[in-house]
Amino acid sequence: MTFLFYLFAGLAIGGAIGVVMAKNPVGSLLFMVTTLAAMAGTFVLLEAHFLAAIQIIVYAGAIMVLFLFVIMLLNLGHEYKADLRGGAFSVLSFGLIGAIAGLLAPEISGAEAAPGPGAVAIDAAIAEHGAVGAIAEPLYTTYVVPFEITGILLLVAIVGAIVLAKREV
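Under our numbering, the first residue of the sequence shown carries the number 8, and numbering increases by one thereafter.
Worth double-checking, as some hints may not be accurate.
Stated by the list, open to error - If you anchor each label on the Cβ, the simulated ranges turn out as follows:
| id | residue 1 | residue 2 | range |
| --- | --- | --- | --- |
| 1 | L110 | A16 | 17 to 27 angstroms |
| 2 | V72 | V51 | 20 to 30 angstroms |
| 3 | E144 | G25 | 30 to 40 angstroms |
If you're looking for bench data, these hints aren't it; they were derived computationally from the structure. In this text, a Cβ means the ideal position worked out from N, Cα and C, and glycines have one as well.
Using the sequences plus the hints, can you model the full thing?
Structural data, given as structure tokens:
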């Protein structure tokens, strides 16, 4: 189980680095799919199978296909160039990340996972409503306003994509 966690974590980190370092936006998109699939694997290890399925279907599937359509629609493939590729910025970034990881590693390795006070409430909610009900009940009651705001933001993003597409045509 620990080996699989480290495998999925390594894939997620490697994919995230690939997203930033890829020279082509389509390649960056494929690295992002790898990162999202690794996160779905982590959800499976946590026995959150519903979240893993949603991660694959919604994010790695639908959202990434939408991103691919936007990249193809805006024709970013040939003219896209980033100024921060390689050089001192990358070395400094990786050095800083390595230093932070080196400082945190002794703290993390000595820590034991103890259930917090909310763990019992989460287990009770899952036992009462099931895994999907434990997610849906607070989403549509306690967090209904942020959920609606997220829907409005997605609508604004769709309208923005249409405006960008119509301007090019």
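Do the hints match the structure? See the list:
The hint said 17 to 27 angstroms for the Cβ distance between L110 and A16, and at roughly 18 angstroms that hint holds. Distance hint check: the CB atoms of V72 and V51 are about 22 angstroms apart, consistent with the given range 20 to 30 angstroms. A C-beta distance of roughly 37 angstroms is found between E144 and G25, which places it inside the suggested range of 30 to 40 angstroms.
Going down the numbered hints, you'll see the structure goes against none, and every one checks out.
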